[in-house]
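Chemist: Sequence:
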Amino acid sequence: MRKVTLSLFVLWTLTLPGCQSRAAKVKQLQDQYNAEYPAYAKDCIDPVSAGSSALLTGEKLTPEQIAALEAKKRERDARCKPEADRLAQIQKEMIAAQQ
0 MRKVTLSLFV LWTLTLPGCQ SRAAKVKQLQ DQYNAEYPAY AKDCIDPVSA GSSALLTGEK
60 LTPEQIAALE AKKRERDARC KPEADRLAQI QKEMIAAQQ
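For the sequence shown, numbering that gives the first Met the number 0 begins at 0 and goes up steadily by one.
There's no promise every hint is true.
Each computed DSSO-like pair below joins lysine-lysine, with the alpha-carbon atoms no more than 30 Å apart [stated by the list, open to error]:
id: 1; residue 1: K41; residue 2: K59
id: 2; residue 1: K91; residue 2: K41
id: 3; residue 1: K24; residue 2: K91
id: 4; residue 1: K26; residue 2: K72
id: 5; residue 1: K72; residue 2: K41
id: 6; residue 1: K80; residue 2: K24
id: 7; residue 1: K71; residue 2: K59
id: 8; residue 1: K72; residue 2: K91
id: 9; residue 1: K24; residue 2: K41
id: 10; residue 1: K91; residue 2: K26
id: 11; residue 1: K26; residue 2: K71
id: 12; residue 1: K72; residue 2: K59
id: 13; residue 1: K91; residue 2: K80
Hints are computed from structural coordinates only; laboratory data are not their basis.
Taking the hints into account, I'd like the entire structure generated from these sequences.
Modeler: Given below as C-alpha cells:
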C-alpha cells in the first residue's frame, strides 16, 4: 500500500510543474493577445475607420464614393491580414496550451 501511495504521489508531483507551466503559457499568450487586439480592432474592425458608417446611416453614395470605399477596404484588408493571421495564431496556441 505504501508503494502505491508513494508512486501516486511521485506521479502527481511530476505532473504538477507541467500544469503550472501550461497555465503560465496560456496567461502569457492571453496577455499578448489582450495587448495587441485593441489596436487591431481600432484600425481594422472599427466601422468608422472602415468607412461603413456612411452606409449604415442610410446616406446615399455616388458610384465614385462606393468605388473609393471599396478601394479603401481592399487596402485595409491587405494591411490588416498579417495582424489578423497573427492574432488567430495566438488564439490557436492558447487553445492548444489549454488542452
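Chemist: Which hints from the list above does the structure break, by number from lowest to highest?
Modeler: Hint check: 4, 11 fail, others pass.
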